[in-house]
Amino acid sequence: MFEDLFRQFWWLLFPLAAFVFGAWKNWLDYRANQAMLDLIKTYAASGREPPAQLLARLDRRWRDFDEQDEDRPRHGFRWRRERTWYRVVLFGMLSSGFAFAAVTNIYGAGEAFTIVAFVLGSICVATLVQVLLDRNGPTV
Amino acid sequence: MAYDLFRDFWWLLFPLSFMVLGAFRAWLTYRARREVMTVLRDLAAKGQEPPAALLAQLNR
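Line by line, the protein sequences are chains A and B. Letter 14 of the first sequence, counting from 1, is numbered 13 in numbering that gives the first Met the number 0, and no numbers are missing. Letter 14 of the second sequence, counting from 1, is numbered 13 in numbering that gives the first Met the number 0, and no numbers are missing.
Worth flagging that the hints you see were computed from the coordinates, not collected in a lab. Mixed in with the good hints there might be a few duds.
Which bits of chain B does chain A cover? Going by a derived footprint, with three or more residues having C-beta under 8 Å, they are [unchecked claim]:
#, region
1, 2-11
2, 16-26
Now the stretches of chain A that chain B is said to cover, found in silico as 3 or more residues with beta-carbon under 8 Å [to be verified]:
#, region
3, 1-14
4, 96-104
5, 116-130
Please read all numbers here as calculations on a predicted model, not as lab measurements. Glycine included, each C-beta is placed from N, C-alpha and C at the ideal position.
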């Protein structure tokens with residue numbers, strides 16, 4: 000029974016993992032913000048002004064701040080404006096691949112591939128709209 | 000049964016490993032930030048100014 004269920008719904012692992020990962024990141028961000036507030040409380044208790052960098056950090060969420068930090072190379076991927084065409088192409092190609100897999104019914108999982116193709120295609124089109132309707136015009 | 004499942008879905012190990020690694024990396028980043036903040040708090044409690052390099056660590 001478990002085997003049948005797994006064979007039918009293995010693709011559910013991906014969206015579920017994304018939800019769990021998002022919740023995990025939010026939890027860690029929340030804990031980091033709590034630690035930051037504790038630190039600022041320590042400054043307040045001693046009657047001193049916290050450094051400007053600390054307060055600036057508090058203004059933004061952790062990930063937003065990472066994106067603002069342009070000077071230092073990071074290992075993680077940054078969603079900069081120049082990257083949006085990259086995303087259009089990437090998700091377009093991925094969607095095409097999964098659409099092909101759905102049409103040819105590779106591994107007998109055509110229906111699952113259809114859903115994946117639609118999701119990736121939606122991201123591709125949405126990113127394309129974002130690029131074309133950007134306030135500052137298309138980047139290319 | 001387990002053998003058949005593994006033979007059909009062995010490739011799932013790769014994306015699942017990436018997910019686990021990503022979660023582990025996020026946890027390590029959080030730990031590093033927390034350590035920096037602990038040091039900053041100790042310095043603040045002692046009334047010392049934190050070095051600029053230490054503050055810059057918060058942006059890691």
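Q. Okay, which hints does this one fail, numbers in order?
A. Of the numbered hints given earlier, those the structure breaks are 4 and 5, listed in rising order.
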